[in-house]
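Trainee: These protein sequence lines map, in sequence, to chains A and B. Each residue of the first sequence is one higher than the one before, counting from 81 in my numbering. Each residue of the second sequence is one higher than the one before, counting from 81 in my numbering.
These are computed hints drawn from the structure, not numbers from a lab. Fair warning: there could be bad hints in the mix.
A pair counts as met if it fits within one copy or between any two copies, since identical chains are not told apart.
What the hints assert, rightly or not - With a straight-line Cα cutoff of 25 Å, these simulated SDA-like cross-link-like pairs (lysine to any residue) come out:
| # | residue 1 | residue 2 |
| --- | --- | --- |
| 1 | K177 | E406 |
| 2 | K403 | E127 |
| 3 | K270 | L156 |
| 4 | K351 | N339 |
| 5 | K160 | G271 |
| 6 | K283 | S154 |
| 7 | K340 | E127 |
| 8 | K175 | R352 |
| 9 | K270 | L197 |
| 10 | K361 | E253 |
| 11 | K270 | P155 |
| 12 | K277 | I202 |
| 13 | K403 | S233 |
| 14 | K160 | K177 |
| 15 | K217 | N164 |
| 16 | K254 | R161 |
If you're wondering where the values come from, they're calculated on a predicted model, not measured in any experiment.
Take a look at the letters that make up each chain.
Number of protein chains: 2
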Amino acid sequence: MTNKVKIAVDAMGGEHSPKKIIDGIEASLNFNKNNHFYLFGEKNIIEKSLDEKKDLYKFCEIIHTKDKILDDESPLTAAKRGKNSSMWKAIESLKDKQTDIALSAGNTGALLVISRLLLNTIEGISKPALAALWPNKNDMNIVLDLGANIECSEKNLSDFASMGSALFKSLFEKEKPKVALLNVGLEEIKGNEILKKTYSILKNDKIKNFEFCGYIEGNQIMNGDVDVIITDGFTGNIALKTAEGTATFITNSLRESLNKLSMLLSYKSLKRFKEKLDPRKYNGAIFLGLQSPVVKSHGSTDFFGFSHSINVCNKIVKGNLIKKIESHLITVDV
Amino acid sequence: MTNKVKIAVDAMGGEHSPKKIIDGIEASLNFNKNNHFYLFGEKNIIEKSLDEKKDLYKFCEIIHTKDKILDDESPLTAAKRGKNSSMWKAIESLKDKQTDIALSAGNTGALLVISRLLLNTIEGISKPALAALWPNKNDMNIVLDLGANIECSEKNLSDFASMGSALFKSLFEKEKPKVALLNVGLEEIKGNEILKKTYSILKNDKIKNFEFCGYIEGNQIMNGDVDVIITDGFTGNIALKTAEGTATFITNSLRESLNKLSMLLSYKSLKRFKEKLDPRKYNGAIFLGLQSPVVKSHGSTDFFGFSHSINVCNKIVKGNLIKKIESHLITVDV
Numbered sequence: 081m082t083n084k085v086k087i088a089v090d091a092m093g094g095e096h097s098p099k100k101i102i103d104g105i106e107a108s109l110n111f112n113k114n115n116h117f118y119l120f121g122e123k124n125i126i127e128k129s130l131d132e133k134k135d136l137y138k139f140c141e142i143i144h145t146k147d148k149i150l151d152d153e154s155p156l157t158a159a160k161r162g163k164n165s166s167m168w169k170a171i172e173s174l175k176d177k178q179t180d181i182a183l184s185a186g187n188t189g190a191l192l193v194i195s196r197l198l199l200n201t202i203e204g205i206s207k208p209a210l211a212a213l214w215p216n217k218n219d220m221n222i223v224l225d226l227g228a229n230i231e232c233s234e235k236n237l238s239d240f241a242s243m244g245s246a247l248f249k250s251l252f253e254k255e256k257p258k259v260a261l262l263n264v265g266l267e268e269i270k271g272n273e274i275l276k277k278t279y280s281i282l283k284n285d286k287i288k289n290f291e292f293c294g295y296i297e298g299n300q301i302m303n304g305d306v307d308v309i310i311t312d313g314f315t316g317n318i319a320l321k322t323a324e325g326t327a328t329f330i331t332n333s334l335r336e337s338l339n340k341l342s343m344l345l346s347y348k349s350l351k352r353f354k355e356k357l358d359p360r361k362y363n364g365a366i367f368l369g370l371q372s373p374v375v376k377s378h379g380s381t382d383f384f385g386f387s388h389s390i391n392v393c394n395k396i397v398k399g400n401l402i403k404k405i406e407s408h409l410i411t412v413d414v
Numbered sequence: 081m082t083n084k085v086k087i088a089v090d091a092m093g094g095e096h097s098p099k100k101i102i103d104g105i106e107a108s109l110n111f112n113k114n115n116h117f118y119l120f121g122e123k124n125i126i127e128k129s130l131d132e133k134k135d136l137y138k139f140c141e142i143i144h145t146k147d148k149i150l151d152d153e154s155p156l157t158a159a160k161r162g163k164n165s166s167m168w169k170a171i172e173s174l175k176d177k178q179t180d181i182a183l184s185a186g187n188t189g190a191l192l193v194i195s196r197l198l199l200n201t202i203e204g205i206s207k208p209a210l211a212a213l214w215p216n217k218n219d220m221n222i223v224l225d226l227g228a229n230i231e232c233s234e235k236n237l238s239d240f241a242s243m244g245s246a247l248f249k250s251l252f253e254k255e256k257p258k259v260a261l262l263n264v265g266l267e268e269i270k271g272n273e274i275l276k277k278t279y280s281i282l283k284n285d286k287i288k289n290f291e292f293c294g295y296i297e298g299n300q301i302m303n304g305d306v307d308v309i310i311t312d313g314f315t316g317n318i319a320l321k322t323a324e325g326t327a328t329f330i331t332n333s334l335r336e337s338l339n340k341l342s343m344l345l346s347y348k349s350l351k352r353f354k355e356k357l358d359p360r361k362y363n364g365a366i367f368l369g370l371q372s373p374v375v376k377s378h379g380s381t382d383f384f385g386f387s388h389s390i391n392v393c394n395k396i397v398k399g400n401l402i403k404k405i406e407s408h409l410i411t412v413d414v
């Protein structure tokens, strides 16, 4: 057990859980055996899935909870009535330092609210943010905030720069990640007042753990020129979902344009194309800025996608994310 | 000349002008011969392009201007020094009612500033907005604002709903277009204060020329469920450019994944795919809310894309856009 990463898993959240969760844990063992899973949820149901894979028992511990958060529940209702839910108990184990990181494929809003209720923010950070991996021409970058905060001050955005860089370093081991602010133009005078103030803070900051590259526009997110892209939660959420919608639209158009024969003839190429863009490889949004990290898997991903979010959890803990954030906070006078 | 749409064309703006402009005019005659073009620019250069297509002379009139706005000029510099430029003179002809609509493939920022300087806004509208066509599953919809206004009030967004609907009706002849507000969630309580106020204005408005469908998220822009999507210029610009970047990324990935043989074997299907998504068919952003409409063609489009923006100009004038906007203004108490 020593040195193993202790992952608190909400085993009841998301579609096809807990089966997907158990299958995901099994798949994750192919690239990493150094995790121990604390499975929060209905004991009988979890055991039924585990009994088919008895080898997994040595990597898992079940903590029975009689309740769960529903996917369509409002976050506040969930937080009010959900104290005995698998999600709540998983996050509570983090608070009590019994686990290192929490992972759920359940209700995103509820996860954000319950995490904020139970966990303190890192000293100096006023708003935590939701970060995710985004594919680009070279490999992937990180974008935050993706929806935790509708409105952000220059202090919040500067925090995001420092937290996002710490996350990038934990996941990809790069010394000085390149950071940019998402804006509607590249010139220093573009954008709203908050962006201009953030620009001047990031440009002048001395202790920073990243290289500030100024503004980028929406069409440059996937260019691969920067590692961490900073935006408020409103804009980030719209950008992320617009990109998802565009990707779906184009791949559907492609499918409709190809007839059966050319599908067959290009089978291997199309498979290569699909694998390259497989959203399951980018699964796992990270709730950053709390004293313990919380990871959100897509609710509708399958076991393979879930195994990738387990991998993200492992890298975050092994990479000492929280320490990295704490040691690189930007001081902003506001 | 009677009943012809009089289009003021900035013949010097954008890449490969005026050749692209002249070729675009020629291509536009295939679907519409009811336009008359007032070509503003360096007479000698325009004539050189026209001399190769003498048949076009009867559709065109050249108005010599000795200056032009550069693509990389700052909008304010351009507006200050550009009074003898092809762009300025084209818009001035609108102001003087010599033409019905202006079209330029030049510097967007300069076009917005010069248009606002020379043309009055429609009475009751405080901010004009930039609208564009966006492909969707069924055909296309309109999104605005795409960058003319970084910050928008509920009054501005409500105006956009009414102007966007008038534009959609002019272009696609639909009685009551479906309008939605771009947001980070579908529930009435989501989003910032301005969006919530706009929601309640649009929900309660009685004289409206559209059907209000509430909020939509970024991944639904291309679903084809609504016709007009309303957002502030900051968010709209980020969404548009993120969609462009995603489309480029995916089509490049596809190209890299296909080997030469499968490219050859799927040639016809890929051609069909490319045609369906051809951005040139959606070329032409419309600056709405001024007493005369101004259309912006993409600077880097070719003659075919430019011919589509000519078509947009024709439909806007024939569809009585400005009258439609004037007769459906929403009264907002702010």
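Trainee: For every hint, state whether the structure bears it out.
Mentor: Going through the hints against the structure:
1. K177 - E406: Within one copy only: 18 Å inside, 64 Å across.
2. K403 - E127: neither (36 Å within a copy, 69 Å between copies)
3. K270 - L156: The answer is between: 13 Å across copies meets 25 Å, while 37 Å in one copy does not.
4. K351 - N339: Both ways: K351 and N339 sit 16 Å apart in one copy and 12 Å across, limit 25 Å.
5. K160 - G271: between (39 Å within a copy, 22 Å between copies)
6. K283 - S154: between (40 Å within a copy, 23 Å between copies)
7. K340 - E127: Close neither inside one copy (43 Å) nor across copies (51 Å); limit 25 Å.
8. K175 - R352: Neither, since 43 Å and 56 Å both go past 25 Å.
9. K270 - L197: between (37 Å within a copy, 20 Å between copies)
10. K361 - E253: within (18 Å within a copy, 44 Å between copies)
11. K270 - P155: between (36 Å within a copy, 12 Å between copies)
12. K277 - I202: within (23 Å within a copy, 35 Å between copies)
13. K403 - S233: Only inside one copy: K403 and S233 sit 24 Å apart there, 42 Å across copies, limit 25 Å.
14. K160 - K177: within (23 Å within a copy, 64 Å between copies)
15. K217 - N164: This pair counts as neither: shortest intra-copy Cα distance 44 Å, inter-copy 44 Å.
16. K254 - R161: Classified as neither: same-chain Cα gap 42 Å, cross-chain 48 Å, threshold 25 Å.
The structure is inconsistent with the numbered hints 2, 7, 8, 15 and 16, although it conforms to all the rest.
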